[in-house]
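Can you join these two chains into the complex? Each is in its own frame, and there are hints to help.
For the protein sequence lines, the chains are C and V, in the order given.
As numbered in my numbering, residues 598 to 868 make up the first sequence, in order.
As numbered in my numbering, residues 8 to 266 make up the second sequence, in order.
The set of hints was computed from the structure by calculation and includes no laboratory data.
Positions of the beta carbon are idealized from the N, C-alpha and C atoms, including for glycine.
Worth double-checking, as some hints may not be accurate.
Stated by the list, open to error - Some chain V residues well away from chain C (every beta-carbon gap over 10 Å; in silico):
no., residue
1, Leu35
2, Ser39
3, Leu71
4, Glu105
5, Leu142
6, Pro189
7, Asp190
8, Ala191
9, Glu198
10, Leu200
Unchecked claim - Residues on chain C that point at chain V, a partial pick, calculated with CB under 10 Å:
no., residue
11, Gly662
12, Leu663
13, Gly693
14, Asn698
15, Ala699
16, Leu701
17, Phe702
18, Gly760
19, Met811
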Amino acid sequence: MSAPANARTGLGGNQPKIALRGLCKAFGGAVVLDGLDLEIGTGESVVVIGCSGVGKSVMLKCLLGLLRPDAGSVTIDGQEISRSRTAREGAMRRIGMLFQNAALFDSLPVWENVAFGLIQAQGMPRGEAREIAIETMAQVGLDADSADLYPAALSGGMRKRVGLARAIATKPEIILFDEPTTGLDPIMADVINDLIVTCTHELGATALTITHDMRSARKIADRIAMIHDGTIVWQGPAAEIDSSRNAHVEQFVNGRAEGPIQLAVAHAAAG
Amino acid sequence: MKRPPLQAIGHGVLALFEAVGRLSLFALEATSHCARPPFYPRLLLRQMVEIGFYSLPVVGLTGLFAGMVLALQSYTGFSRFSAESTIPTVVVLSITRELGPVLAGLMVAGRVGAAMAAEIGTMRVTEQIDALTTLSTNPHKYLIVPRLLAGLLMLPFLVLVTDIIGVGGGYLVSVYKLGFNPDAYINNTLEYLEVMDVASGLVKAAVFGYLIALMGCYQGFHSKGGAQGVGKATTNAVVTGAILVLIFNYIITEAFFAQ
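Here chain V stands alone, though its shape is the one from the complex (with noise of 0.2 Å):
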């Protein structure tokens, strides 16, 4: 079936603003269950055990390689103008700033949105959330509330993670390979780092920890359609997660940079 030009164009508008409306109204329902009663600690705690704990040795790996090939590739340009000296800084400064949230962003969207997506959407295909509803519980607080919270709480502790094992992996590099003097790379790291560095990398961490969640709970609660249907929901999932981690932390960067 062919459409008119305009109209397609049109179709498609309408699509993404209802697309958009649905996810707000999903979001606000959401969040307005986790600060009504009851609560279910014991599914926090999973959630950020699963979220946190196992999401350590894939964000611990990701900082290291980032931090080690930032020391070598920022040599690579420094050293053609004698600036090796701020080699420390530079590294500290992209990992904290920028690297550390956006790399463990997207690790853990298609590690955790992934996962959620696929376990949400799974229930719903087998009608195990029709079946909480009768038994009298909500699958918004039962479901999606520990989610989102282990997501907002858990990754600004991967940041802090990534941040540290990715300057360490610079450290490793510049010491070892390019030849600095340890004590000298660690005062340089710390000399010009300031909270305001790591704390902006931790409120992205929080916005993408939340982000990703909620994507994963979105695609998973409006999936149907069977094992294809569960599939397309998990694709969606990380696709949209990593999306909205890269747009919202230019939309931080740039609110943090203004001031």
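So here's chain C without its partners, still in its complex pose (with noise of 0.2 Å):
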């Protein structure tokens, strides 16, 4: 399923996977993205770094269309989805997506949310989605017992690793993690650190990854991007952002309270 798409994008030779092209979104009054440029190559895995309110989830949203941006435009392997329902829905069936509290549907088992994306969009037999469910479930280290369970008896910590299966089960080209280590303590937010950067290399997916955990980012990331008051304020490889020589950076990552960003409450609301 994967292959046809990945073949096509050879064609291109230096033709981004992703590419948001000055990305503008308001909400009422409150500006939250303002001409945001990013570009993702195929294969590569960026993480995405800001304040709480800054915009990344917007940004997040208005790649994966559930919000429309007033400006600008998102393309995948070239072909513009913010505007078209039909690209857009093409597009969805290519991207696995991990969300911030996992996002399981409460109602259904285990297995059955791991296989969501087989039997619902790609009409697969529930007895053969079973079995790549409980595969898939073993790649992020949950074993079968557990395939019956309800996701309201899980750990956050399993919970998570059940999202993770969900996003990687039907072998997208892209995937998209929304801070995928808030909420869990620091062992296992390694852990699941781990088993991102495994599972995107396994798929060889292009990985966008949103968090404001700089370990987080520095264990994910070939490159780094910040972002700040809607547009991205720096980006580079990982290895480089100790030696940024840029402000927001700087006083990002060593988590200081004095700097060039300055956290307006109000402003924070918005985001």
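Given below as structure tokens:
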């Protein structure tokens, strides 16, 4: 399912897998995205860091088509998806998403959550989908015994694993991670970071992560971009994050209250 | 912040039109998805069991006591001019045309409308509806359509049950408390009953079922702001559902009355 699309991107050579150009989005009077530009190459893992409420989630929602940008374009493999429903639905089949709180379906057992995309979007028979679901669960360290549990019975770390398994079960070309380590203890956070790295490598997928956890960013990222006031203020290879010479990045990486980033309460609430 | 009175009125009117417009668009979109694949028969069946089967005790009890009290009250009135023999007719007409659909509708609005708003609202605030979209599943088709269809199909069934139990309640009180002849009571019940009496009640029921499910889904789908938002959506679903039931009850009655 991913092979033909991968072949298609091979033709373009330098064409980015995902390109956000001049993205603007405002809610009422509050401008959240203000001409944001970001490109992600095929197979690359980009982590976008930034404070709460600066537009990270809004950027992700524009990419997923859950929000319609006021201006700018969102392209995947060179195809514009923000204006056309069919293009968006086509693109969605190639994207997997891990939500911040996993967003598991409470009414379905774990295996059906993992197999949801296989059964509903690809029309796979339930028996076959269950087998693949259990294989995928093994990849993220869940045994087959938990397949018939309901999400309410799971711990936070297990929910994240199930969410990750659901995101990768359809073998997507692009995986998006929304604050993958938020709400986990440091050890579990590291386990999830490792899983993210191995799963995206095994699939050869392009990954976009938004987070404010610097440990996580250093571990997952090939490239890090920092978002502030609705635009990307710095981007570069993950190894250069400590020598960025950018006041915003230095303040964020070192977690200082003093610096160019001043968190206005009203501003933070808008995003 | 205090507004001048005219501005406040204008604001209220605009907000009302906005709400009605948004609801109409939602209803149109959801209804249009009813006819377009993919369909989810498994989910439809689950909702039909949830609405139809699990509401039976509630609407059964409602029908029973409504029929019983109706027989008692009409006896109080009709015995004053020796018209006790009309009681079976009064009971069956009131139940099938009016009380069955309205009382069952209101009970289901409380039971089912609230449950739908709470479930869908929780799915909204925990990003489960966004997750559906990212898994290439249209939330309208997956969540809303099965509920609308189940409401439309199951409320007539529930109202038919209410009608039968309600008439049974009237029978019990009339025969065992007021001393009516059982055979005569049943004969009188059936003699003046027309198909239209029952049919108009079932048409009402189908409309009520659709409206209750629509309000439950709409309020849940547009809830925001965590637990408080879901609570508000649930309250709104019950209140707006019940009010729409009463408004459409009059509209449909008038439509049938004119004929």
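Among the hints numbered above, which are violated by the structure, and what are their numbers in rising order?
5, 19
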